[in-house]
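Undergrad: Residues per chain are reported as follows:
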Amino acid sequence: MIVDTLLVRLGGESGIDNAISAGDVLTLSVARSGYHVHTFRTYPAEIKGGPVMFQLRAGVQPVPSLGDKLDVLLAFNEEAWQLHGEALRPDGVLIFDPGEHDAPREFGGTAYGVPLDRLSKDLNLRKGKNLIALGALSALFGFDFQPIQATVKDKFGRKRPEFVESNRIALMAGFEWAKENIQDEVPFRLAAPDSTHDPELVMSGNQAIVAGALAAGCRYFAGYPITPASDILEEMAKRLPPIGGASFQTEDEIAAIASVVGASIAGVKAMTATSGPGFSLMQEMLGLATMAEVPVVVVNSMRAGPSTGMPTKMEQADLNIALYGGHGEAPRIVLAARSVEDSFYQAMHAFYLSETFQMPVILLTDQSLSHRTATLPMPDPYRVPVVERLRPTAEDAGGYQRYRLTESGVSPMGIPGFDATPFTATGLEHDEYGAPNYTPAMHSAQLDKRGHKFERAAEVLCDLEYPLGCHAYGAPEAEAEVGVLAWGSTAGVVREAVEEMAAEGLPVAALVPAVINPLPAERIMEFAGHLRAIIVPEVNRTGQFAAWVKANTELHLISLNKYGGLPFTPAEIRAKVMEFLVAKPQEPAAELQPTEEVAHG
Amino acid sequence: MIVDTLLVRLGGESGIDNAISAGDVLTLSVARSGYHVHTFRTYPAEIKGGPVMFQLRAGVQPVPSLGDKLDVLLAFNEEAWQLHGEALRPDGVLIFDPGEHDAPREFGGTAYGVPLDRLSKDLNLRKGKNLIALGALSALFGFDFQPIQATVKDKFGRKRPEFVESNRIALMAGFEWAKENIQDEVPFRLAAPDSTHDPELVMSGNQAIVAGALAAGCRYFAGYPITPASDILEEMAKRLPPIGGASFQTEDEIAAIASVVGASIAGVKAMTATSGPGFSLMQEMLGLATMAEVPVVVVNSMRAGPSTGMPTKMEQADLNIALYGGHGEAPRIVLAARSVEDSFYQAMHAFYLSETFQMPVILLTDQSLSHRTATLPMPDPYRVPVVERLRPTAEDAGGYQRYRLTESGVSPMGIPGFDATPFTATGLEHDEYGAPNYTPAMHSAQLDKRGHKFERAAEVLCDLEYPLGCHAYGAPEAEAEVGVLAWGSTAGVVREAVEEMAAEGLPVAALVPAVINPLPAERIMEFAGHLRAIIVPEVNRTGQFAAWVKANTELHLISLNKYGGLPFTPAEIRAKVMEFLVAKPQEPAAELQPTEEVAHG
Amino acid sequence: MAREAKTKPKLLPKDYKSKVKPTWCPGCGDFGVLASLYQAMARMELDPARTVVVSGIGCSSRLPFFVQTYGFQTAHGRVLPVAIGVKIANPALTVIAVGGDGDGFSIGGNHLAHAVRRNPDITYVVMDNEVYGLTKGQTSPTSPLGFKTKSTPYGSSDAPINPMAWALASGVSFAARGFSGDPKHLTDLIVAGVEHPGFAFIQAMSPCPTFYNTFDLWRPQIEALPEGYDPGDRMQALSQVFRDDGIPVGLFYRQERPTLDSHTRVTAHPLREETEDFDVQALLEMYR
Amino acid sequence: MAREAKTKPKLLPKDYKSKVKPTWCPGCGDFGVLASLYQAMARMELDPARTVVVSGIGCSSRLPFFVQTYGFQTAHGRVLPVAIGVKIANPALTVIAVGGDGDGFSIGGNHLAHAVRRNPDITYVVMDNEVYGLTKGQTSPTSPLGFKTKSTPYGSSDAPINPMAWALASGVSFAARGFSGDPKHLTDLIVAGVEHPGFAFIQAMSPCPTFYNTFDLWRPQIEALPEGYDPGDRMQALSQVFRDDGIPVGLFYRQERPTLDSHTRVTAHPLREETEDFDVQALLEMYR
Ligand SMILES: Cc1ncc(C[n+]2csc(CCOP(=O)(O)OP(=O)(O)O)c2C)c(N)n1
Ligand SMILES: Cc1ncc(C[n+]2csc(CCOP(=O)(O)OP(=O)(O)O)c2C)c(N)n1
Ligand code: SF4
Ligand code: SF4
Ligand SMILES: [Mg+2]
Ligand SMILES: [Mg+2]
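These protein sequence lines are chains A, B, C and D, in that order. Residue numbering for the first sequence follows my numbering, beginning at 108 and increasing consecutively. Residue numbering for the second sequence follows my numbering, beginning at 108 and increasing consecutively. Residue numbering for the third sequence follows my numbering, beginning at 149 and increasing consecutively. Residue numbering for the fourth sequence follows my numbering, beginning at 149 and increasing consecutively.
Check before you lean on any hint, since a few could be wrong.
[To be verified] Below, a sample of chain A positions facing chain C; criterion: calculated Cβ distance under 10 Å:
| id | residue |
| --- | --- |
| 1 | G215 |
| 2 | G330 |
| 3 | D338 |
| 4 | I350 |
| 5 | G351 |
| 6 | S354 |
| 7 | S414 |
[Claimed, not checked] Estimated spans, in silico, between C-beta atoms of each pair:
| id | chain 1 | residue 1 | chain 2 | residue 2 | range |
| --- | --- | --- | --- | --- | --- |
| 8 | C | R405 | A | R233 | 49 to 55 Å |
| 9 | B | K345 | C | E193 | 38 to 44 Å |
| 10 | D | R436 | A | H208 | 51 to 57 Å |
| 11 | B | G249 | C | D427 | 15 to 21 Å |
| 12 | A | E283 | D | R436 | 55 to 61 Å |
| 13 | D | A430 | A | P492 | 45 to 51 Å |
| 14 | C | L293 | D | S387 | 35 to 41 Å |
| 15 | C | E371 | D | D378 | 45 to 51 Å |
| 16 | C | P157 | A | P197 | 51 to 57 Å |
| 17 | D | G175 | B | D305 | 43 to 49 Å |
| 18 | B | V494 | C | E193 | 31 to 37 Å |
| 19 | D | A240 | B | R196 | 39 to 45 Å |
| 20 | C | R391 | D | K162 | 29 to 35 Å |
| 21 | D | G175 | B | K228 | 30 to 36 Å |
Just so you know, the hints here were simulated from the structure itself, not pulled from any lab data. Here the structure is a predicted model, which means the values were calculated and not measured. C-beta: ideal position from N, C-alpha, C; glycine also.
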């Protein structure tokens with residue numbers, strides 16, 4: 108059977124089977140062959156030992172989500188079969204190592220035993236199993252051989268040339284063994300790629316954020332390592348110095364955000380990136396940025412919490428702290444990236460908003476998106492304006508008022524070394540010059556100033572267009588009966604489920620805003636229109652986004668929560684939507700779904 | 108005229124006029140004379156210099172609020188008149204120093220010039236002005252002389268005996284000068300106190316919290332100085348060692364909450380206290396306490412924010428961070444103290460809940476309540492059960508599961524040195540034994556466990572009675588047409604305004620819960636009943652409590668916001684209520700008040 | 149430090165092993181430190197129910213799970229203030245804090261300096277691998293200048309911290325350095341540290357073969373402190389820690405001075421057991 | 149450190165005075181430090197538009213408001229990481245950090261140690277009054293043992309921190325101590341600190357007459373470093389800072405070593421001015 112998408116999962120033991128690096132090589136080479144790809148991976152929190160899995164979904168058309176049941180499972184050991192067997196479709200393909208375990212009896216699909224360990228030992232390759240497996244996969248599914256080899260060379264060629272050769276040998280060994288020993292035709296094969304255009308880019312969500320930030324003019328980064336945000340620090344450390352910027356690993360997250368605030372005071376677009384525990388630590392300094400009106404961008408890549416939680420698993424549970432995390436009334440703009448491509452645009456967007464409104468902007472992503480690699484069309488950086496903060500003019504020179512009470516709430520910001528307008532910024536309440544002032548009138552006025560900026564941001568954000576604004580999928584909204592309202596990385600699964608259902612003629616539409624605060628409430632109300640039910644899927648227990656939308660719209664929403672550290676699958680979204688589609692349209696929504704529903708995951 | 112309450116304000120320059128210490132002495136002595144008292148004070152954030160004010164309201168009956176217009180203003184200097192003249196009732200009494208300025212022409216009430224500075228210089232007293240002023244006040248208003256002298260002796264007798272004598276001289280000098288030079292009868296005089304019962308206690312809100320915590324069994328405190336919470340640290344440092352407890356000034360707030368978590372793991376009831384900036388810093392460790400299920404109590408005394416804000420001013424703007432401040436899903440119980448007396452009970456309550464549910468409890472107070480001194484009847488500590496956390500039994504000894512998935516969500520907690528049940532607590536997600544576990548099923552189950560405890564707390568809290576539960580004031584709820592729903596220290600003004608209106612026959616009732624999370628939503632719905640309008644006054648800009656109630660009840664609420672760093676006055680509450688009472692009852696509430704209202708303060 | 153009555157059956161090092169299998173990479177230096185800890189615990193016959201091992205976050209901070217005593221893995225960098233809370237709450241407990249160089253000297257550096265000056269009776273073993281293990285190989289505060297990692301691809305520009313000098317300058321009352329490749333010696337140091345009444349800081353050089361394999365680099369440099377070395381002389385200790393040749397190991401400094409709990413607390417009982425009957429009414433009467 | 153072209157009219161100390169009137173108590177030691185700073189600024193002819201004075205929170209941290217340059221009062225304890233951000237972003241600026249002993253050695257202690265090892269070209273003046281002024285007189289990390297305050301009514305049990313030793317142990321490249329009662333000497337130290345290419349730590353002993361009046365206690369103890377003292381010798385510096393008689397003042401230590409910005413940055417231009425044309429498309433192409 109020729110299929111449009113193929114979903115392959117590699118499961119093994121961390122530090123032994125190198126399933127992740129095999130997956131990375133496979134991903135890049137499949138993408139270079141012209142397919143669209145979308146990956147998902149989970150690591151243990153241990154460095155070595157513990158189960159890892161890497162999953163690649165390749166398609167002829169764009170693949171917005173991680174997919175549902177696996178087409179192919181490559182199990183390096185028995186535990187991998189036990190962990191992932193259930194995820195394999197009944198008629199799927201299992202590739203296992205007969206040296207590790209027997210073909211599982213209960214499995215009714217096609218099972219191929221490939222003696223990975225033995226072949227690797229025969230070749231005297233200590234870490235060859237993964238490339239042998241790739242070779243076998245290629246032989247079976249007719250993947251092009253060339254790009255795999257080229258990818259290995261690209262990835263390791265400079266640093267470890269001997270590695271390239273041993274990998275080539277391993278690849279060939281797996282390939283040839285499979286050609287010789289497995290004659291059956293595999294049950295499904297991916298259709299040929301669309302060869303009419305160049306291969307797309309292949310990036311991770313975190314790489315896209317870095318590229319977007321650099322495109323927006325970010326030239327200062329400071330951070331402290333933390334999973335799953337560390338690679339933003341690492342990428343910045345690599346990219347910034349050559350283009351004249353600076354990157355800096357600090358002693359902790361407080362120092363990171365503090366130095367970012369300092370760099371911004373000195374006139375540079377600056378950013379930090381962290382995850383939950385570090386984000387909690389940054390709350391005080393974020394309040395200072397709001398109070399002193401300093402533009403800063405903070406990326407928070409969410410992982411399962413609370414506390415240290417599950418550092419290598421995903422969750423969408425840091426929305427509340429992003430919205431409300433600081434003491435006092437300290438508005439912040441909150442964005443959530445929806446895909447790898449969107450990560451690029453939202454990073455640019457974050458700088459646009461932060462410079463325009465002179466306040467902190469928080470960009471949320473999560474473990475699944477940060478570490479997702481996916482194909483994307485070359486982004487167009489001109490789609491997002493690159494702006495600079497408002498600066499003092501000659502008029503301001505005498506008696507410069509840094510915190511002048513303007514109508515928009517935004518006032519010109521002098522930069523040391525560039526503007527002859529010295530002033531002292533402070534976290535204390537202050538008058539228009541910046542001097543401490545505790546009178547009721549001034550406190551109210553400055554609170555209003557900071558609030559108005561934010562409220563004005565809501566207006567600006569109202570008519571955002573693609574790629575920055577709300578994304579809509581599925582049936583035309585006027586015809587839809589059931590809606591799905593999602594945020595962040597859940598966008599992909601929702602898109603896939605809803606588009607598929609709409610293609611089947613089902614009246615389902617979806618809306619996914621990127622700007623979470625200020626929420627595009629009007630657009631959401633418009634979407635809600637005459638929908639019978641609005642489902643809000645999110646990977647958390649209490650429905651943080653649903654509560655936020657309710658607080659802003661008073662809509663009745665149906666929460667679909669999953670909280671096991673893994674993303675939704677399209678099938679889960681579809682199942683929930685179907686509950687409401689099968690119900691008679693006459694019944695009012697409230698009766699269909701009197702209480703909020705929770706699906707454990 | 109004989110009056111039931113008298114409102115006196117002392118305004119001067121910090122470090123020069125000693126208005127605050129004069130106020131403290133006056134308060135204590137008036138209370139000892141058998142009156143009820145209620146104070147309010149604002150300091151500058153500077154140590155010396157800057158305007159301070161101290162306000163005492165004394166009454167024959169309990170005085171729940173700081174009152175409205177001043178009956179008496181004692182202005183130590185001209186600035187004090189400028190700052191506070193407007194607050195003085197037109198027919199009020201102004202006492203000023205003619206050496207500082209002339210009697211203000213625009214003032215139509217009674218003005219007495221008392222040469223405070225000259226008298227003090229004549230007596231060669233460097234810091235005597237304040238006691239001279241008290242002497243004059245006593246002469247004019249017929250305050251009892253004896254308690255003032257006794258109070259001075261109590262306060263300073265041991266440390267500075269020479270001070271007692273010089274103060275006595277100053278007091279007498281002011282008294283005699285006024286007797287000699289001012290013959291007029293003052294326009295109002297306080298009625299004689301009710302002498303049938305003993306004088307009540309006189310405590311500050313922070314002192315009441317400390318007493319309540321000690322009564323609940325708190326034996327460990329750690330904190331870092333911060334206004335307006337420092338005196339909790341100071342009081343604990345004084346009180347704990349003599350009763351066998353320990354108190355500890357740490358290097359910062361993170362260390363404070365960390366050591367409290369450590370002390371609690373070792374089996375001791377432990378607490379810390381801070382204000383906004385410190386509370387922001389504690390968010391990560393609070394998440395650990397939720398995750399590892401460690402009982403801790405954190406007092407957050409709110410001051411005007413964001414950032415360093417206005418450390419000596421009040422605001423009710425830390426509700427959001429108290430509810431939502433940590434990353435991930437980390438439920439916490441949130442209480443808000445409503446009065447000095449309630450501070451005692453809620454501190455006990457906090458320990459009751461924290462030990463019962465093995466989770467952090469946040470007790471909110473604010474600058475105005477922390478530093479308010481007021482009379483209160485002797486609290487009854489037996490009204491709040493003193494409990495200990497659930498402990499392992501003999502059955503648990505083999506294969507002890509610290510995080511057993513019980514129905515209630517609460518599982519027995521072993522204490523090192525007391526229980527032979529070693530286990531390792533962690534901020535990682537864990538299995539029932541406490542070992543790290545990242546499976547979806549275990550993460551969901553443990554999130555549910557932690558969530559269920561909290562949800563069960565909601566049930567327990569539903570039928571709380573006085574003093575812990577909701578306080579209700581004013582007209583019988585069945586008869587009320589307009590309701591006021593308040594929280595925290597705003598309780599006092601609301602009570603006063605609503606009781607007065609109800610006494611006038613107006614159909615107004617108020618409800619003030621102490622437990623903010625989980626919110627007693629049913630009780631609030633019951634209160635809402637058939638009310639035409641529900642007004643939610645709070646000292647912040649965005650209506651944090653109103654939003655929280657809406658999220659929990661979907662009620663339509665009318666926000667009354669004031670945000671200048673000062674509390675509401677009863678008149679402001681009354682004015683807002685009247686807007687809705689004068690409207691015809693036929694009109695629907697939504698038309699009366701289509702948008703939220705904001706009153707600047 | 150709590151010792152058990154000698155009537156109980158003697159515990160062996162393996163009795164301190166918990167059921168949780170160490171998750172460290174094969175060859176990780178931390179195995180040596182863990183083995184030393186088991187040995188030291190057995191030698192001192194620590195009562196598992198009266199011993200608390202506290203840690204932060206990092207590979208090294210996983211250690212408490214592997215020890216069959218009470219344990220608490222806290223948040224990154226917060227091991228010491230938590231340990232101090234435990235100790236003040238119950239001075240009868242043996243409190244051992246452990247962690248890594250990132251946990252202890254980067255995010256947690258200030259708590260170290262302040263713990264040191266307060267001198268709580270806690271033993272703090274830092275497994276120093278000069279790298280961030282758990283987050284996969286970034287530069288740590290003890291990494292050498294010019295160190296190339298993913299977070300410093302052009303080489304680290306920060307002079308490394310000298311943790312021993314730091315502790316000595318902050319007034320530490322016990323400072324020692326060991327090597328995970330010599331668990332016997334490390335065992336001795338841990339025993340001495342636990343028995344020292346006050347804060348004992350032990351820098352355990354513990355290589356990370358996965359991200360910075362220093363076994364071969366360090367082993368030839370490890371050497372005992374010079375003969376006749378006097379651990380009572382702080383200036384001498386400082387001159388040893390500032391040496392730029394070799395990695396001297398041993399007890400650098402020891403001094404007895406009052407401990408935090410001897411100050412903070414009126415008695416040395418667990419706070420839970422404090423007998424003082426507290427009469428809240430009497431306290432409240434003071435406010436009349 | 150940025151110097152102005154000599155063509156502009158010479159600025160006098162009073163020209164660095166802002167319109168905001170100091171809010172300190174009469175007699176506060178910080179007045180002396182402020183006066184020294186005005187003097188030092190004038191002597192170096194610092195350009196107010198190219199100078200940034202950064203602080204934390206405390207009485208002493210109010211200082212930036214009183215200086216007519218750019219200023220930033222940050223959060224309690226965070227003065228140094230903010231100052232470092234400013235400096236890296238624009239190495240052409242003169243960055244002066246100021247604060248108190250609580251701000252710098254208690255909540256902010258770790259940032260000091262890490263700033264020191266990175267050696268940014270910043271001058272950090274700590275006004276040490278051995279007490280928390282702004283919060284009304286609690287014990288600070290430099291308060292003497294046994295110090296009785298509202299937060300330590302039975303006397304402080306924590307051995308004080310020795311900030312100079314701390315800085316030296318962390319590898320500071322310039323360490324000096326002055327006294328606010330001798331503003332002339334302090335001026336010289338500030339000038340030397342600002343001119344030093346690297347991190348200059350200056351402990352300015354600055355009494356708080358309101359909560360801990362040490363003028364009379366300290367004045368007789370203040371003395372110059374011994375004759376022939378060599379500020380190039382770290383061990384000698386340490387032996388001076390550990391002295392328990394007298395309060396030696398002067399330049400304890402100076403060493404030139406690469407600064408943070410010389411490492412972190414490819415050029416010494418303000419980042420805003422960086423000319424490298426960045427082509428995001430070229431970067432993106434690398435991901436094909
Ligand atoms: C607040 C916070 N920031 C960052 C992290 C991520 N993190 C976990 S361990 C670690 C450093 C580990 O290094 P080290 O302490 O040296 O331990 P090792 O793994 O080398 O033993 C970091 C940065 C975290 N968990 N929490
Ligand atoms: C996070 C935080 N914690 C506590 C405070 C309260 N606070 C303000 S200043 C200060 C200490 C001041 O002492 P120091 O730094 O020595 O300055 P001084 O007033 O003595 O000059 C404290 C604890 C705060 N503003 N922020
Ligand atoms: S990464 Fe390094 S420190 Fe961590 S377990 Fe592996 S070898 Fe040990
Ligand atoms: S309290 Fe002390 S430090 Fe603060 S201004 Fe007054 S004298 Fe100076
Ligand atoms: Mg390490
Ligand atoms: Mg100080």
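Undergrad: Output the indices of the hints that this structure fails to meet, ascending.
TA: Violated hints (numbers, rising): 1, 4, 5, 10, 11, 12, 13, 14, 15, 19, 20 and 21; every other hint is consistent with the structure.
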